[in-house]
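Q: What follows is each chain in one-letter form.
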Amino acid sequence: MLYALKIATRYLTANKAQTALLVTGVAVGVFIFIFMSALIGGLAEFILSRTVGDLSHITIEAETDDPSLLISPEGHVLVVAERGRMRTATLSEAATWLPLIEAVPGVRAVSPQITGAGFLTRGAQTAQVSVTGVEPGRESAILDLAGYMVEGDVRLGSGLIVVGRDLADDLALSIGQTLRLESSDGVAAALTLGGIFKTGNGAIDGARTFVSLSTARTLFTMPQGVTRIEIKLGDLNAADATAVRIRALTGLDAVPWTDGAEQLMEALDAQAQTGYFLKTFALITIVIGVASALLLSTYRRRPEIGIMRAMGAGRGFVVFVFVTQGALIGLLGGIMGAVLGYLALLPFPSRDAFEAGTLPMDITQGSYGLAITLTVIGAILASILPARAAARVDPVTAIGQ
Amino acid sequence: MTALLEVSDLIKTYGTGEAATRVLRGLSLRLEAGEMAALLGPSGSGKSTLLTILGTLMKPTSGSYVMLGQDMIAADDRALTGFRNAHIGFVFQFHNLLPDFTALENVVFPTAVRDGRETPAARARGRDLLTRMGLAERIDFPTANLSGGQKQRVAVARALMNSPELVLADEPTGNLDRASAMQVMDLIGQINREEGTTFMISTHDEKIAAVCRRQIVVGDGVVTG
Numbered sequence: 003m004l005y006a007l008k009i010a011t012r013y014l015t016a017n018k019a020q021t022a023l024l025v026t027g028v029a030v031g032v033f034i035f036i037f038m039s040a041l042i043g044g045l046a047e048f049i050l051s052r053t054v055g056d057l058s059h060i061t062i063e064a065e066t067d068d069p070s071l072l073i074s075p076e077g078h079v080l081v082v083a084e085r086g087r088m089r090t091a092t093l094s095e096a097a098t099w100l101p102l103i104e105a106v107p108g109v110r111a112v113s114p115q116i117t118g119a120g121f122l123t124r125g126a127q128t129a130q131v132s133v134t135g136v137e138p139g140r141e142s143a144i145l146d147l148a149g150y151m152v153e154g155d156v157r158l159g160s161g162l163i164v165v166g167r168d169l170a171d172d173l174a175l176s177i178g179q180t181l182r183l184e185s186s187d188g189v190a191a192a193l194t195l196g197g198i199f200k201t202g203n204g205a206i207d208g209a210r211t212f213v214s215l216s217t218a219r220t221l222f223t224m225p226q227g228v229t230r231i232e233i234k235l236g237d238l239n240a241a242d243a244t245a246v247r248i249r250a251l252t253g254l255d256a257v258p259w260t261d262g263a264e265q266l267m268e269a270l271d272a273q274a275q276t277g278y279f280l281k282t283f284a285l286i287t288i289v290i291g292v293a294s295a296l297l298l299s300t301y302r303r304r305p306e307i308g309i310m311r312a313m314g315a316g317r318g319f320v321v322f323v324f325v326t327q328g329a330l331i332g333l334l335g336g337i338m339g340a341v342l343g344y345l346a347l348l349p350f351p352s353r354d355a356f357e358a359g360t361l362p363m364d365i366t367q368g369s370y371g372l373a374i375t376l377t378v379i380g381a382i383l384a385s386i387l388p389a390r391a392a393a394r395v396d397p398v399t400a401i402g403q
Numbered sequence: 002m003t004a005l006l007e008v009s010d011l012i013k014t015y016g017t018g019e020a021a022t023r024v025l026r027g028l029s030l031r032l033e034a035g036e037m038a039a040l041l042g043p044s045g046s047g048k049s050t051l052l053t054i055l056g057t058l059m060k061p062t063s064g065s066y067v068m069l070g071q072d073m074i075a076a077d078d079r080a081l082t083g084f085r086n087a088h089i090g091f092v093f094q095f096h097n098l099l100p101d102f103t104a105l106e107n108v109v110f111p112t113a114v115r116d117g118r119e120t121p122a123a124r125a126r127g128r129d130l131l132t133r134m135g136l137a138e139r140i141d142f143p144t145a146n147l148s149g150g151q152k153q154r155v156a157v158a159r160a161l162m163n164s165p166e167l168v169l170a171d172e173p174t175g176n177l178d179r180a181s182a183m184q185v186m187d188l189i190g191q192i193n194r195e196e197g198t199t200f201m202i203s204t205h206d207e208k209i210a211a212v213c214r215r216q217i218v219v220g221d222g223v224v225t226g
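Here the protein sequences line up with chains S and C, keeping their order. When the letters of the first sequence are read in order and numbered with the working numbering, they come out as residues 3 to 403. When the letters of the second sequence are read in order and numbered with the working numbering, they come out as residues 2 to 226.
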């Protein structure tokens with residue numbers, strides 16, 4: 003149908019101003035589609051990075067043992083060893099699993115930790131804190147501790163402690179001071195304040211402390227093993243699948259961040275649905291625009307369609323001419339809109355550099371190919387009605403017009 | 002001579018009920034191959050309706066129509082479209098060229114639409130036809146830049162493009178001055194003599210009709226002479 007393509011192209015180029023307006027209209031629709039895709043996608047990334055970015059994407063915790071029972075041969079319970087209030091369960095084989103987990107595709111960082119509770123004392127002031135023991139060199143593996151440091155050094159050597167800004171203010175702490183940390187196991191240690199961080203999260207800044215893994219072993223009397231393993235992924239959206247993989251690989255209870263984050267997921271889903279609606283409306287606008295313009299063209303070219311039919315052009319040929327016009331308008335408008343969208347998104351910061359107060363536009367989520375494809379399909383669908391109308395033109399009355 | 006087409010008892014009624022208008026009232030006609038016939042008659046006598054039916058652009062209410070041995074009444078739209086493309090050419094009063102195309106593109110249209118593309122052979126024949134029509138200098142001109150007489154000659158060339166057996170011309174000179182009209186008729190006569198193409202020309206003009214070897218007079222929906 004090369005010839006039908008030529009006729010369609012000629013019709014479009016015969017009235018350049020009208021075609022340019024039509025293509026521009028389609029391009030604006032595509033531009034909106036791409037802009038919304040980048041905004042909704044970027045916003046989701048921004049929200050996730052702000053809410054989940056500093057959390058472990060997958061967490062493996064030791065399963066707490068069931069209460070131990072001593073039962074007599076007659077079936078009477080003689081002794082019940084209840085679980086302690088504080089977590090004491092350990093992942094004793096952690097050292098074995100770590101290399102395996104690190105080798106799982108998508109895993110960016112693995113942080114074996116010993117966590118527990120304690121009291122931090124300076125002079126007469128005491129505060130209840132949570133204690134996280136991490137390996138020196140992996141301080142920023144999960145929480146970007148190095149990035150949040152406001153004073154001192156993030157490096158956790160033996161006998162050093164790093165605390166949050168709010169906690170430091172509450173206890174009037176300053177770098178280099180010696181503090182007393184007593185764990186929930188009743189073990190106390192004198193530690194030097196090596197650094198102060200500020201994440202902006204009150205719960206973390208006011209009660210979280212970090213020590214080295216070896217210090218934590220002493221505090222929580224845990225000569226081997228860890229209490230949890232935190233895992234950071236390159237793509238946090240892959241947490242569910244990766245957790246399944248790690249469970250299959252190690253048999254450990256790997257829990258993705260999405261467990262217990264239903265409200266966040268619902269909010270993001272609602273946001274995505276809003277995006278779909280807006281993009282659908284943009285597409286509907288394109289379809290209506292193309293359909294109305296081609297219907298007008300069909301009406302204007304009725305005599306010519308009549309001549310073509312009289313000269314032996316079949317209804318299929320006429321349909322093809324008008325559908326091709328729709329496809330060409332969609333393709334040109336789609337490409338133009340995609341280019342405009344890309345250029346408009348260029349000045350926005352990249353997804354890794356989103357800042358509060360700016361629109362979190364993600365240029366990589368513009369859905370350019372999808373926008374062009376849907377536009378071409380939409381324009382083709384939009385041209386079917388005018389094309390069928392054109393094919394039904396009665397040559398006798400059309401030629402007589 | 003052999004019959005190119007034959008119609009019998011053609012009846013064509015427009016509208017229904019009290020608004021029904023019967024334009025053809027049992028018209029019968031036989032046209033031989035190679036004829037050049039003028040179709041005469043007053044306005045409303047049914048000339049244009051007859052040409053439209055003979056051109057397979059419309060079917061009669063009743064009656065029979067056979068052309069080149071094929072039943073034109075029984076054929077469906079697809080078959081008639083193909084038949085029209087191969088065997089029938091049209092020349093209209095207002096030339097009815099495609100305005101966004103050049104003279105050559107208009108002429109090759111019937112062949113290109115059949116072949117799906119403009120072949121070099123089709124373009125060569127189109128050029129030849131336009132040259133014969135005295136339009137060698139206007140081949141690549143947009144039709145909008147041609148005079149009325151030139152446009153009508155382009156229309157004649159287009160009608161001849163697929164070497165049809167029958168060319169139907171509805172008032173082909175009605176919109177031309179006398180000189181242009183006679184120039185077009187001379188070309189039609191030349192084609193008829195040299196290639197044996199059958200022409201049926203609807204006209205009110207006695208001088209135009211006189212150029213044709215046969216005059217068919219239609220009155221009140223039937224052939225009267």
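Calculated from the structure, these hints are not laboratory results. Treat the hints loosely; a few may be bogus.
Once the Cα atoms are required to be at most 20 Å apart in a straight line, the calculated DMTMM-like pairs of lysine to aspartate or glutamate come out as [claimed, not checked]:
hint	chain 1	residue 1	chain 2	residue 2
1	C	K208	C	D187
2	S	K8	C	D187
3	C	K60	S	E65
Sample of chain S residues with no beta-carbon within 12 Å of chain C, all distances over it, derived [said to hold, decoys possible]:
hint	residue
4	M3
5	L50
6	A243
7	G318
In silico contact screen, one side only, chain S against chain C (beta carbon under 10 Å); selected entries [to be verified]:
hint	residue
8	Y13
9	A16
10	N17
11	E306
12	G308
13	I309
14	M310
15	A315
16	V341
17	L345
18	L348
19	F350
This structure is a prediction, so every number in the text was calculated from the model and none was measured. Think of the CB as a built atom: it goes at the ideal place given N, C-alpha and C, for glycine as much as any other residue.
Q: For every hint, state whether the structure bears it out.
A: Here is what the structure says about each hint:
1. For the suggested pair K208/C and D187/C, the alpha carbons sit about 12 Å apart, so the restraint of at most 20 Å is met.
2. Between K8/S and D187/C, the direct Cα distance comes to roughly 34 Å. Violation of the 20 Å bound is thereby established for this hinted pair.
3. Pair hint K60/C plus E65/S does not hold up; C-alpha atoms about 87 Å apart against a cutoff of 20 Å.
4. Chain C draws M3/S into its interface by the beta-carbon criterion, the shortest separation being 6 Å against a cut-off of 12 Å.
5. For L50/S, the shortest C-beta to C-beta distance to chain C comes to about 54 Å, beyond the 12 Å cut-off, and the non-interface label holds.
6. With a least CB separation of 50 Å from chain C, A243/S remains clear of the 12 Å interface cut-off, as annotated.
7. Some Cβ of chain C comes within 12 Å of the Cβ of G318/S; the nearest lies about 9 Å off, and the non-interface call is violated.
8. Contact between Y13/S and chain C, as hinted, is supported at the beta carbon level, the nearest pair being about 7 Å apart and thus within 10 Å.
9. Contact between A16/S and chain C, as hinted, is supported at the beta carbon level, the nearest pair being about 4 Å apart and thus within 10 Å.
10. Interface restraint check: N17/S against chain C, minimum CB-CB distance 9 Å, threshold 10 Å, status holds.
11. This hint holds: E306/S has a C-beta 6 Å from the nearest C-beta of chain C, less than the 10 Å allowed.
12. Of the supplied interface hints, the one on G308/S holds, with its beta-carbon coming within about 8 Å of a beta-carbon of chain C, less than 10 Å.
13. Satisfaction of the interface hint for I309/S is found here, the shortest Cβ-Cβ separation to chain C being roughly 5 Å, below the 10 Å cut-off.
14. Checking M310/S against chain C by beta carbon gives a least distance of about 7 Å; that is within 10 Å, so the hint holds.
15. Annotation: interface hint on A315/S holds; nearest CB of chain C at approximately 5 Å, less than 10 Å.
16. Using the Cβ-Cβ criterion of 10 Å, the hint placing V341/S at the interface with chain C is not satisfied: the shortest such distance is roughly 29 Å.
17. Here the hint on L345/S is broken, as its CB sits about 33 Å from the closest CB of chain C, past 10 Å.
18. Using the Cβ-Cβ criterion of 10 Å, the hint placing L348/S at the interface with chain C is not satisfied: the shortest such distance is roughly 39 Å.
19. For F350/S, the interface hint is violated, the least distance from its beta-carbon to any beta-carbon of chain C being 43 Å, above 10 Å.
The structure does not agree with the numbered hints 2, 3, 4, 7, 16, 17, 18, 19 stated previously, though it agrees with the rest.
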